[in-house]
Amino acid sequence: MIELRNGRICDPTHPLNGQIASLFIQGDRFASSPAKPCEKVIQLDGSLVLAGGIDIHTHIGGGKVNLARLLMSKTLARQDKVVWPTTQTGLMYAKMGYTACFEPAMLLSSARHTHAELADTPALDHGAYVVLGNEDWLLPALNDVRCEDQVLETLIAWSMRASRAIAVKSVNPAGISAFKFNQRKLDVDLPHSQYGVSPRTVIRRLAGAIDNIGLAHPLHLHASNLGMPGNIDSTIASLEAVEGHRLHLTHAQFHCYTNTGKLGMGSGAERLARYINEHPNITLDVGQIHFGQTITISADTMAQYRNAQHANPNTPLIIDHECLAGCGVVPINYQDKHYVHSLQWTIGLELMLLVEDPWRIFLTTDHPNGGPFTAYPHLMRLLMDKAFRLSMLERIHPLAAANSLLRELDREYTLDEMVIVTRAAPARILGLHDLGTLRDGAQASLAVYPQRDDWETTFGQAAYVMKSGQIVVENNKLQNLEPSRQRWIAEPNFDQLIFRYWQSSIEQKLRIPVQQLEIGNEELDLLGLDSQKVNRLPERSHHA
Amino acid sequence: MRCVVKLAEAWRATIVVPQSSGNRYVSNITCNDGWFGTTLADAAEHSQLVIAIGSNWIHQLPRLKDRFFSQRQNQIWWQIRGPDLTDPPSSPDLPSFPGGGNHCSVWPRDTWYARICELVQQIARNDVANSDGLAKHILQSNYTTIIWEKSELAESQDEFLIYQLNQLAKVRSQHARCSLLALDSDVGSVTASAVLLWLTGCSDVAVPNQSNWSQSKWSQSNWISPAYYHNYEIDDWTAEFDFVVRINTTASRKSATAIPAHLHLDHFVSDSGMPLQLQSTSPNAEPVRMRVGVAGIDHDAILFRGDHGLTCFSPAERVASSLRPEDHSAVDAVVFSAAQVLQEMQLLIKDQGKVDL
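Chains as they are written, first to last, in the working numbering: chain P, 1 to 544; chain Z, 1 to 357.
Heads up, a few of these hints could be off.
Pairs of lysine-lysine residues, derived as DSS-like cross-links and limited to a Cα-Cα distance of at most 27 Å, are as follows [claimed, not checked]:
#1 K337(P) with K386(P)
#2 K262(P) with K337(P)
#3 K136(Z) with K185(P)
#4 K509(P) with K185(P)
#5 K74(P) with K6(Z)
#6 K262(P) with K185(P)
#7 K477(P) with K6(Z)
#8 K65(Z) with K509(P)
#9 K337(P) with K40(P)
#10 K65(Z) with K136(Z)
Please keep in mind that the hints were generated in silico from the structure rather than gathered at the bench.
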């Protein structure tokens, strides 16, 4: 048994939150105080003790990530490469005290690649969201009476089980497919030129089906019109489309622009935050911009084709993918003197500060799209330290700074709030019942931060990191690359008879047997990780 | 590749995934100019026009038509090929496609680049009324796919040709969809590159970053890919190394013995179909030949289809523990044996100085 002695407990769900106390670890779990002394005692001297960080949305595995590596391997200077090899990715997360990360865009046809790559990423629990909502076999049916709710639920459940996903993401619903038919824009209520279905229908039906299946995580939505001035209207329309079902809006910053102002683009953060505050069925992650070189990777080829004109270096990749999605890789250099980039920077912070409930908003950079995950300590300081935030505001494009609400926003995230948005809330929204907390019985994954001069320095390097009861970092030094890890999946049931009826439709489009898409237990076992099932919601139909 | 990287980490060895010139050209252009691409299922389902360059895609991928392009009606195929082939356009060797119609341009091979450049200019004008032939078809198509088999466009001038094909896709994409599909029949190489990329950040040559190896754990990769190793065949610089191990990860009867190496680890299967026994000799004798397990035959592994094609996936954790003798899987046993042999050889090499191949 291990005792972590005299640490300051930072966990709003823990009965000793805020107090100097000891934590005890038995095996891979937190335990109550033992009757006899522990075999190992680690003196923490009042350092902050947090549960291991959880990144709910970070692109760290799959074909598009590898394509980004390929591009960066030959075109960018070493310091500008922000998509690292798997080992470095795991270690750099561990350095910051993160112990679980979730790949948000796993394609059904390359799920094995994603799982293999994630399995090679050390020190992190992981899981992945399967991308749905642009399949050539699904879209024609969504307006069709043949695709009753039960059928859709079957197709979703089969996709999740086949790809071993924990959740479902929809990327530009129907839009990626429409781009294959040469539609360059698809608003929420416009019909797909070939299949007739609108994004609103796709969102409504997927969100409803996911609630009815009882998945812990709601539909994870990358909405229409990413990056376009004025897209706040379609974003709100997308949120309305779920008709009260749960929905998670991802990288909300990229979907939060007005088309007003001197340069035809402004912040929609106030409007979006007001909507979020009034609608408890909606959660969001922010997708904050961090200035510097990065590379954007997305299944949204429609948006990435638009973004290709801004590619820097000018090496965009636009690839259609197997009748079910796309792959766009576009390098971007976010510059603090550039109006749009500065505006994006302010919008992300405004959202984080205007959304009131920390349980419904999550700190992300949508790594690497808004910037690398290594920016998190800097972003934490921006949120927790208004003086620092204002000093940074002085450096950006003056028009963006002048139009921003940031000067008026006095809110500084408390430590509890920061713990919630980076630990407790991500665990809850993903149904990870024993992560993101220091409570007895939970997985003993934690980070210890000596309080330093500022929050960026404090959260930049954890003095201790433990993963499942095993020490990864000790006294600021890496000790163990291979703590035990878990892959988190959901396994919803489905009706085999219904699926068999649809099987031939899928095979006709993909030109391969569906069995080739189904990842078996023995295959996952080969990767050497345990699979842990997430809790399902206790009842069906969890409308707000 | 996990096995290869583990061994290379242990010995600080340079890793090279040999690339065909055709593959390297695609990679170079992707990195320098971007890429407009598609995948087989999308090409089959959405293409109104398929432009097929050369004829390798017929001969090296004989099931392509049956598996992917037999369902679609009204799909037009336009083959561009040289006059040197014995098969005329009407030959039974050329696949026919239902409904759409087949066309063939027989152009002398050395004119392809100029003709494609000319085609790009015509497409850029976007003037259907005043275009004819292939240009008109492209301008009338909402989804065009240009396919070729990578090894066919592998002459030095073909890098410029592929660049122009990418330009064609870019220019046409301003108005309609136009994408490239470079088919690769060398699944093993595709696999090796993909896995090497995620493990090291390098796509084809990974060199240990000797000066920074121990300090780099927190941040940058331990591996670098110096520019001076690119654009040369490995045969050109094997003499730079004390010891060369050749690993053939594709199940094939083709022997790699023509390539100089001190040790071959491959999937060689004897004429009887039985695996060869492990052999070992001293480094001064003939190169050692060792057989490693064939995925799906000797050990569990999965072939899967990724962004680039099929990928062979082997158990990571087992390979990670491959230097431990207590593990007894087929892969572990072979890799452990190989490791022992290599270590013995390295000691000998250390004693005897550099060994020339």
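Structure-inconsistent hints, enumerated in ascending order:
9
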